[in-house]
Amino acid sequence: MLDWEGIVALLPYAVLIFFRLGAFMLVAPPFNLPSIPHAVKIALALSLSAIVVSVLGGDFVNQPLVMNTPSYLGRVIIEVLFGLSLGWVVYVFFSLFQTAGGIIDFQMGFAIANVIDPQTGAQSPLVGQFKYMLALFLLFITGGYRLMLQGVLNSFVFFPPAHPLKLDDVWVPRLVDWFVRVFTIGLEVAAPYAIVLFLLDLSLGLLSRAVPQMNMFVVGLPVKILGAMFMLALFLPFFIFLTTRLFDLLFETLSRYPAGLG
Numbered sequence: 036m037l038d039w040e041g042i043v044a045l046l047p048y049a050v051l052i053f054f055r056l057g058a059f060m061l062v063a064p065p066f067n068l069p070s071i072p073h074a075v076k077i078a079l080a081l082s083l084s085a086i087v088v089s090v091l092g093g094d095f096v097n098q099p100l101v102m103n104t105p106s107y108l109g110r111v112i113i114e115v116l117f118g119l120s121l122g123w124v125v126y127v128f129f130s131l132f133q134t135a136g137g138i139i140d141f142q143m144g145f146a147i148a149n150v151i152d153p154q155t156g157a158q159s160p161l162v163g164q165f166k167y168m169l170a171l172f173l174l175f176i177t178g179g180y181r182l183m184l185q186g187v188l189n190s191f192v193f194f195p196p197a198h199p200l201k202l203d204d205v206w207v208p209r210l211v212d213w214f215v216r217v218f219t220i221g222l223e224v225a226a227p228y229a230i231v232l233f234l235l236d237l238s239l240g241l242l243s244r245a246v247p248q249m250n251m252f253v254v255g256l257p258v259k260i261l262g263a264m265f266m267l268a269l270f271l272p273f274f275i276f277l278t279t280r281l282f283d284l285l286f287e288t289l290s291r292y293p294a295g296l297g
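Numbering-wise (this note's numbering), the sequence shown opens with residue 36 and increments by one.
It is possible that part of the hints are untrue.
[Unchecked claim] Using C-beta positions, here's what the derived DEER-type ranges look like:
1) I230 x P257: 38 to 48 Å
2) I176 x L284: 15 to 25 Å
3) A85 x L234: 49 to 59 Å
4) F286 x L61: 13 to 23 Å
5) M249 x D212: 42 to 52 Å
In short, the hints are calculated from the structure, not lab data.
For each residue, glycine too, the CB sits at the ideal point set by N, CA and C.
Kindly generate the complete structure, drawing on both the sequences and the hints.
As structure tokens, then:
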């Protein structure tokens, strides 16, 4: 027989879990893609909420909720903000690829040839969009999406729905260290292309001084585009290596970030 009293006791926790997971999927790639229907996102959040409650429900009951409207609404707001912050962490990681692509586009002369990003509806650099979609593809074929979800689900172990919110002393230095590491890897993604394109610019500048009759704008733009395309193909294994490093840092961040809140 079903333990209806136990189900009713866990229902407030299940609602809080749903709000955290729903807020995460609202922001985090690839769950925030407009091509995924909202009904699918809600169903996935409900399914994951049921799994979390069935596995950790006994631990949640040991930390009782204050069941009055203001206190419970406060917990809902905390869960939504926490879920949004987890999703924002994932979003920042994937935004690195668009930022690096924007640097490459500017160097190769594609800065004015932006495309519409179907995810945000805003303009996005061509190479940045290519790298972004390639990173999403790698996330799926490597099974990284499972580790990402596991990191989010582990947040309920470190920071349960009824746990009081408090920051430890190392939380801010940890956040600064995370930003530095993410920014460093983002520079590593764009650096090979930017250096080669800079050398191409330098070579074209020297050539224009040696042959002033040559129209460098007509000659230089196709050369830079061909050079950038060649570099994109040549450095693809290096890009995959950096992307896997970035995924490792993402999964580590999702696992350590909630530990500093409880």
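Outcome of the hint check:
1. Distance hint check for I230 and P257: the Cβ-Cβ separation is about 20 Å, which falls outside the suggested range of 38 to 48 Å.
2. In this structure, I176 and L284 meet the distance hint of 15 to 25 Å, their C-beta atoms being roughly 19 Å apart.
3. In this structure the supplied range 49 to 59 Å holds for A85 paired with L234, their Cβ-Cβ distance being about 56 Å.
4. For F286 and L61, the Cβ-Cβ distance of about 20 Å falls inside the hinted range of 13 to 23 Å, so the restraint holds.
5. Look at M249 against D212: about 49 Å separates their beta carbons, and that is inside 42 to 52 Å.
Violated hint: 1 only; the structure is consistent with all others.
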